[in-house]
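Visitor: Take a look at the letters that make up each chain.
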Amino acid sequence: MNFQEMIFRLQQYWAERGCVLMQPYDIEKGAGTFNPATTLRAVGPEPWRAAYVEPSRRPTDGRYGDNPNRLQHYYQYQVVLKPAPDNAQKLYLDSLAALGIDLVGHDVRFVEDDWESPTLGASGLGWEVWLDGMEVTQFTYFQMVGSLEVDPICVELTYGLERLAMFIQKKNSIFDLEWTPGITYGDIHHEDEVQFSKYNFELADVAMHFDLFDKFEKECERLVSAGLVLPAYDYVLKASHAFNMLDARGAIGVAQRTAYIGRVRKLARLCCEAWLKLREQMGFPLLQHAEG
Amino acid sequence: MPAGYIRPALEQWAKLVEDALTDLRLGCRETRTAGTPRRLIIAASGVREAQEDTVVEVAGPPAKAAYDAKGQPTRAALGFAASQGVDPEAIQIRETPKGRYCFVTKEIKGRSAREILAEALPKTILAIRFPKSMRWVTGSGITFARPFRSILALLNRDTIEFEINGVHTGRTTVGHPFLSPEKITITTADFGHFIEALRLHHVVADIPQRRSIIEEKIKLCLARHGSKPADPELLDEVTNLVEFPNVVEGSFDSKFLALPEAVLVESMRSHQRYFPVRDAAGKLLAKFITVINRDDRYAGVICEGNERVLRARLADAEFFLHEDTRTRLESRLERLKSVTFQARLGSYYEKVQRLKSLAQTLSQQAGLDARQTAACVRAAELCKNDLVTSMVGEFPRLQGVVGRHYALHDGEPAEVANAIAEHYAPRGADDALPQTAAGCVLSLAEKLDTMLGCFSVGLAPTGSQDPYALRRAAQGILRILMEREVSIPLAAAVAEAGKLQPKGLPEADGVEARVLSFLRDRLYNYLSDKGYRYDLVNAALAAGFDDVRDARNRLDALAALSGEPGWEDLVIVVQRTYNIIRNSEVTAEVDEALLQQDEEKALWATLQKHEAEVRTLAEKGKYLEASRLFAKAFVVSVHAFFERVFVNVDDEALKQNRLALMKRINRLFTQRIADLSQVVLAEKP
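So the sequences go chain by chain: D and F. Under this note's numbering, the first residue of the first sequence is numbered 1, with each subsequent residue one higher. Under this note's numbering, the first residue of the second sequence is numbered 1001, with each subsequent residue one higher.
Chain D on its own, in the form it takes in the complex:
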């Protein structure tokens, strides 16, 4: 099964299980969790089911395209189910079966992993899912998001699409994955890795990113005060990415690091609180749908 077929199958599978199929959010982010379709929707009492592909960037993971297993830009497939269904684990396992994985013939294991995103003020309990020793999915019951307690509990499934594809296609290098017949992942993304690794590690303008971070932070706070939570949240993402760039450039010391993470976390909290208030004022529309 090639890379794009996998995405089709997952889209099909989760659409059939009542998920809204969202599209990627158009701002750089470290993981699908940062998409407002997860972060903001996890907050408050409204039910929500969504699934989407999320291109994600982790500048420090760049390897100049030399390493067959690491990328600074990669794809996650993200599913959020709120409230968490009782059969969450079975739903997930069935999705693997839908990808043609023989669950009897492979070793599927749920390994303890308490997920945490200090920048989002989010944490949860759950598992890494291993397929024959390879971590392919993060399976988390959210307990906190935006420093707010989550209730109802929301379950988040984050598939590492490249890892899963390497497992399915039995490939030793990401770049050898078949994207579609005749075209490999490397054909599409190898040069990105080379160029962005050089940019992230060597050329990114440190002073500019420090400056951007401060400006994004101010803009976010200003917009929250003005009651514009959605534009404000965009600046959480931008500030977070600026921080990731600075981190890749080695520009942030250990002590400073904690302080910067704390600043992003505060912005995320402001946005989540504002979002909750907004939805309340709107009368929690999705709650009404569900009841109606």
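These are calculated hints, taken from the structure and not from any lab test. You can take every hint at face value.
From chain D, some residues computed to sit far from chain F (all C-beta separations above 10 Å): (1) Cys19; (2) Val20; (3) Asp205; (4) Arg269.
Here are the simulated lysine to any residue pairs, SDA-like style, with alpha carbons at most 20 Å apart: (5) F:Lys1337 - D:Ala251; (6) D:Lys171 - F:Asp1253; (7) F:Lys1098 - F:Pro1062; (8) D:Lys170 - F:Asp1253; (9) D:Lys198 - F:Ser1390; (10) F:Lys1015 - F:Leu1040.
Glycine is no exception: its CB is placed at the ideal position from the N, C-alpha and C atoms.
Once you have looked at the hints, place chain F on chain D.
Guide: Below, chain F without anything else, positioned relative to chain D:
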């Protein structure tokens, strides 16, 4: 369930169930437990079908308030009877120390076990505590390690009906989720049958049995390579990662054996829970063993998958090695300026400057030769640089070990490289000590610097709070001084480390004394843990611990002497001489002209004759001989002195002279060997 949660949960649960059954008068002969990552099992035997009936006696109002003059029950009596659900005629009057009171005696029928357990069992389940627990049902305050989806509860042949978080009890469970996913119906609450039913469905629920199956299989694999048996800690963990225990042996490209061994072990063991494989000589082979949750039919495919994963990890480590070695280790020092050690104590760069200076001083104090000293100081300069390598970023626990590898790569002498790796050792109570002299000294410097710094900023350990692991650091210092051939005067080393700390720290006043007292307490614990009597430890440490090995030698002498016949007499000499001087200020020296009585003259002569020799023996560390000589010289003479000579006479000069004589004898032992006045003698029968 997380692997590490299972055993502690079962232990707690057994206790909770046993206590509940006893408190509820249902009785419990024994409980047995079993568990896998997907289920916790408990069985109790010797449980009654119903509670025992009991008789209770309830006290009511005083008799005089309960009956009027005609002997008719008042409203108080009627109310009491009604509240107890008995007729007023059932009230009995009894004499009590407080007077005559009403009583009723009631027989309480025991309730059925099924009814009671339906209330009690959910409480026992929810009382199990986990390191972390979670919520999963909206609006429910219930937390558990992970959501539970099914509860099977039987009393003999009947289900015990209850519900937790929407899950209702029943008599069915499921087998292995992939190999035997079908429902299993259990007819009777029999532990053996239950375990067997699970066994037939690819679930080995008994933990020791699962462990030994894995252990045997690993043994068979390892035997082919002549390796030592498997790591028991990892064995415990993997036992609780699977329901159906099986193992496969995989291999990797031998080119990866060029990676630092610790990186290979960390990748296999910590990241993947694989068992590394070594040959008979202990050399790592390009092989690993992993535990799988499937039978042999699928082993080949699963093994290939695991090999691919490990290859990816090792390829990544190879990338880090390649990237890191493009820069020399020494050139990373500047980057430490942006890595904070502790807010008040500065960056790691500043710590390294202190370590260089301290390493120099301590090397001299320890009598290291010029080459070792140079190696120690060079290692101090390089020892933190690996903190800013990609490899340590990826494998944080390999700090030090990675530094050694890169130092060797850069052509640093082996002594320097080893000292870098060893300066974190020992990392725990049972961890190996540094092997090289330079490594020992650098490790002492590192730990002393951390202790003095942290004590100076108010981070001394309190209760369970010890964020900088200072207890472990202190223990490391003592173990190195005690067990390695390194001898450093403790007080001078502490003072030197204190001097190097930044100026103006909030709790810098008297920090050396506080650190020394902390070290003394740790030393006391260290020696007590070795099985020495606490009073002997106190006695030996009272004569000093600046040289900890010397303190231990003195302690060994005491331990030997305390088993000899003359021990009590020796102790009594020291205690009597101590008791007589302890409330007086003795400033004078002995004046021979003031000696009057024969016994004091004789004692003085004995002192003249043996003092120097006792001192010389003690200086040579011959504490047994010194002590025996002291005893031989003074047991009889001091005893005779006290028989005949009165010390506290009115003549102040004479009194001072006698006290001075006592003090000199006392100090001869207590200053050089041990303060035996701290010794507790056994009571004579």
